[in-house]
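As you go down the protein sequences, you meet chains A and B in turn. No gaps in the numbering here: position 248 of the first sequence is 248 in this note's numbering, and each next residue is one more. Just remember that this note's numbering sits 1000 ahead of the position in the second sequence, which is counted from 1.
Don't read these hints as lab results, they were simulated from the structure. Built from N, CA and C at the ideal position, the CB exists for glycine as well. Warning: the hint list may mix true and false statements.
Footprint (simulated), chain A over chain B, 3 or more residues, beta carbon under 8 Å [claimed, not checked]: (1) 1111 to 1125; (2) 1153 to 1162.
Over 12 Å on every C-beta distance to chain A, these chain B residues come out as not near it, computed from the model [said to hold, decoys possible]: (3) A1043; (4) Y1135; (5) R1224; (6) D1241; (7) Y1263.
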Amino acid sequence: MLRGVRFRDDKDFSGCSIFGMMNASGMRFTGAPMLTAIANMKERSNGLGGGFATYGIYPQYADLYCFHMMYSDEAGKSDCEEFLAANFSIEQAEIIPTSPCEGVGEAPLLWRYFLQPRENPAPACEIQDLDDFVVQAVMHINAVIDGAFAFSSGKNMGVFKGVGFPEDIGRFFRLDEYEGYIWVAHGRFPTNTQAWWGGAHPFNILDWSVVHNGEISSYGINQRHLEMYGYTCTLFTDTEVIAYAVDLLVRRHGLSIEDMASVLAAPLWTDIDRMPPREKELHTALRQTYGSLLLNGPFSVIVSNLSQMIGLTDRIRLRPLVAGRNGDWMYLSSEEAPMHLVDDTLKDTWIPSGGEPIVFQVEDAVAVAQGEEMLSGVAPGG
Amino acid sequence: MKIEVDRRAGLPGVFTRKNGGIEINASQLHYRELNNMVKGAAAEGSREIVLDNVYGQRYIGSGIRKPVNIVVHGVPGNDLGAFMDGPNITVDRNAQDGVGNTMNNGVIVVHGRAGDIVAMGMRGGKIFIKGSVGYRAAIHMKEYRKHRPVLVVGGDTQDFLGEYMAGGMVIALGLGRENGAGIQAKHIGTGMHGGLIFLRGEVEEYQLGKEAAGAAAAEEDLARIRPYVEEYVGYFGGDADDILKSGFTKLWPKSSRPFGGLYAY
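Please construct the entire structure, taking both the sequences and the accompanying hints into account.
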């Protein structure tokens, strides 16, 4: 069983590495600079997990949900495909192309499916809203179907991850053959949970992806709160709750990115006390309503979707994050050096304050996300 | 003569000796390889070690106990100059986290910005940062008799400056702020029990940790920080008189043993 395959962690503490790069005009570029950048922070990971999320890679199927699947065996695959066929029209099914790569051990079966939800699905799911339907389907696969794990479920985007150093995982998945306008990467150094293929970052639901450095000591209460809204945590890794919390707060409850950040990394009460009346009322209400989604513990994260790349640290910044901007090129990174390594003309870099979201926005986001604007080009460091 | 090295294509590890010094192309070198070369050069008496194409290599200059000049072209990695005892390190771009971690003696000059925990546990010597620094600068900086570390920051610091600070001195010049604006950092001097912090402009009570006290710096305080401001101006330019006359706030610990009763019954 896929979830049974674990890799021991030697408890040699360091930190994870996170790196994000985007082009605000929606110009698509290959994963080459991402491999350079994440490999530069090799000290921060220990070979027990690496992964990437990238946006804009499937423009020919931009209106279809793309599921990336891991299967431990053919039985998991056939069970899952039966479920998919009952609930979706499968427009395309294919093996995710990989190349053998030193440093990447035995991989699960890796498949991807371009899907359109059926109007009359099987009773396991109910259609209310297409996105909700897809979330239910992912939860069902990951919690119920043995040996099958959906690790990417958005449109025109994909997650690629596994056990290994991130630059090896990137070569394994041949990321220099994909072109996206937002890329995020993660090098894992698991400290609290054991490593397995599904437990590598990014964590994804719909087009939300999260890469994370830190640990979430509030995992238990966050998980219980999210369960009330139909999110089942199945991945044995604290980061999973961030992806579901962001989906709940922004997509379903309609909060702005800033308010979402104020829930996850809420201002201290002493800061709220000094706010002007309206702001004070807002932040008090957010803390009262969403207290169970406050993320306790040290973290820096990059959250991304089809139109944004967002950096956030815990409110007292117990994990590193640096931001950079050079014209249309935007960067978020655990360390300063990799940004300069890929982009030697980069001058404008800064250290975000704790709890303050750095929101990098793609212009003409709708057209770019739907693949209508198809600019491709060479990125710095590409 | 400085050798022109292609920033990407140069062969890693190639070095050139000249005038009692050595120049090393650090491109793609792992920090262990690079630091072995640097330590080797320092041990055989090189007066100057120039490092080109540095991108994120950690611990540069760490543990070296000789007064050698180390010039870093690029962005050095975390813990630059950690535990060092004597070298002068100059960086032409930004530095990362942990500059001068537990350093004992020497000088670090950064012609850019630096990250979090600059001067963490610093025990002696001086650090000059041209721009701003991140969170928790001078955390647990300490002093002993004549060993009094000094950190001078040209811009501002972020929150938790001087956390658990036990000695030494921090001076933040706040250059480049909007007119009239003060430092924005909070939780300054949380747990502070030694040393002094000087911040240009005024600081509100809510910005201080409860173990720190503050008041406007007096003439004698300004005289005390003047040599360090002049040294900063010597490295990066500016006018020391202009900086000093714009007014500083001095912060000091309310108690030398704020946690003395914590575990006593």
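Okay, the hints, checked on the actual structure:
Residues of the segment 1111 to 1125 of chain B with a Cβ under 8 Å from some Cβ of chain A number 3, which satisfies the need for three, so the listed coverage holds. Note: the segment 1153 to 1162 of chain B has 3 residues with beta-carbon separation from chain A under 8 Å; the three-residue rule is met and the coverage holds. Even its closest Cβ contact with chain A, about 25 Å, leaves A1043 of chain B beyond 12 Å, as expected for a residue assigned away from the interface. Here Y1135 of chain B does not stay apart from chain A, with its beta-carbon only about 5 Å from theirs, under the 12 Å limit.
Taking the minimum C-beta to C-beta distance to chain A, about 29 Å, the non-interface status of R1224 of chain B holds against the 12 Å cut. Once the 12 Å rule is applied to beta carbons, D1241 of chain B is consistent with being away from chain A; the minimum gap is 30 Å. Listed as outside the interface, Y1263 of chain B is consistent with that label: its C-beta sits roughly 24 Å from the nearest C-beta of chain A, beyond the 12 Å cut-off.
In summary, the structure is inconsistent with hint 4 from the numbered list given earlier, while agreeing with all the others.
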